[in-house]
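S.K.: Numbers given in the working numbering equal positions in the sequence shown, counted from 1, plus 1063.
By construction, these hints were calculated from the structure, which means they are not laboratory data.
Pairwise CB distance ranges, derived in the manner of DEER restraints: (1) Gln-1127 with Asp-1175: 16 to 24 angstroms; (2) Thr-1158 with Gly-1341: 38 to 46 angstroms; (3) Glu-1344 with Gly-1143: 46 to 54 angstroms; (4) Ala-1131 with Gln-1360: 40 to 48 angstroms.
Cβ coordinates follow ideal geometry from the N, Cα and C atoms, glycine included.
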Amino acid sequence: MPVVRTVPVVACVALLVAGTTNVGCAGHSGAKGNAATCSTVGPAPQSQLPRLTASGASAMGITQALDAIFASQTPPISLGQAYALPSLSCADVQTGLGNSGGYECALQVQIDGGAPTDVNANAPSALAQNLFNALTAAGATTCATPGSINVTLENATVTPQDVSFDDASQYRSFPAPDVVVRGADAQNVIHSLAAAGIDDCDPSRSVFLICTMPDAVPNCGYQWLGLKTMGSSELVPFCGPGSGPVPAGGTLDSSSSAAIWQSILAAAAADHFQPLNGTIEQTRVINARYFTWDGAQLGFMLVADDATAPPAAHDAGQAD
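Build the full structure now, drawing on both the sequences and the hints.
M.R.: So this is what it looks like as structure tokens:
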């Protein structure tokens, strides 16, 4: 499902700390045409991928290519005239780096709301090539990465009349948070970011916090992840750079690092977040990104106890 990109947390948030209510966040808007004021504005427009619909010969080309892949499975998959494809990716893989090259596809098919079934056409596959070509002929975009050219769809539906899908080859929807808190837990995170001087109100970027605890004192810094505004949507670039140059981040002092470390882990504990290893109290590495704030609820993505690098252009949209 598309994720609501709510107003980011900080530049304006410092104003909340000071009790000011009538200063806006650059670049964001609430109701169409109105300037944003971070202390009062509600959720920003949805982050929604381009939705394409193929009909006629284009739809037939896709369904025939899919039918051939389903028939090639062991055992063959029998579908009705209507079904869903929660995810679908095809790639033209170049020869080298330990692979033989050729086309391949991986998808999930779902019938009548049941559990998704994984389907694969491994390289080199003429059936995968037919599907790749049918999708691009229907308007799906591609993303060139080292070693392959890729097509990625989400939320596809197949009916006797048409094939509709979200084109996720170039972008991803703003990711859903895996930590969500309200009240004092939310405010403590907001205040710690504001006190550190991190301005997360620019719709062309989103803050990525990196903290480590090698000894008894945490060390934190931050980088910026680029975002792309398309119409009323704020999207995560998945192939290539965002909407423009993303400014460099910085290193935080010991006081700011300690406050951010404590507030992030307290919020995670309040939401019963489970680290990759051990417990919240044993955490020695924090990666936190994609903060959202709607005036009452704070959300962010968190990886704890794993030194995850900031996502590159080709994996920025992956859900961590």
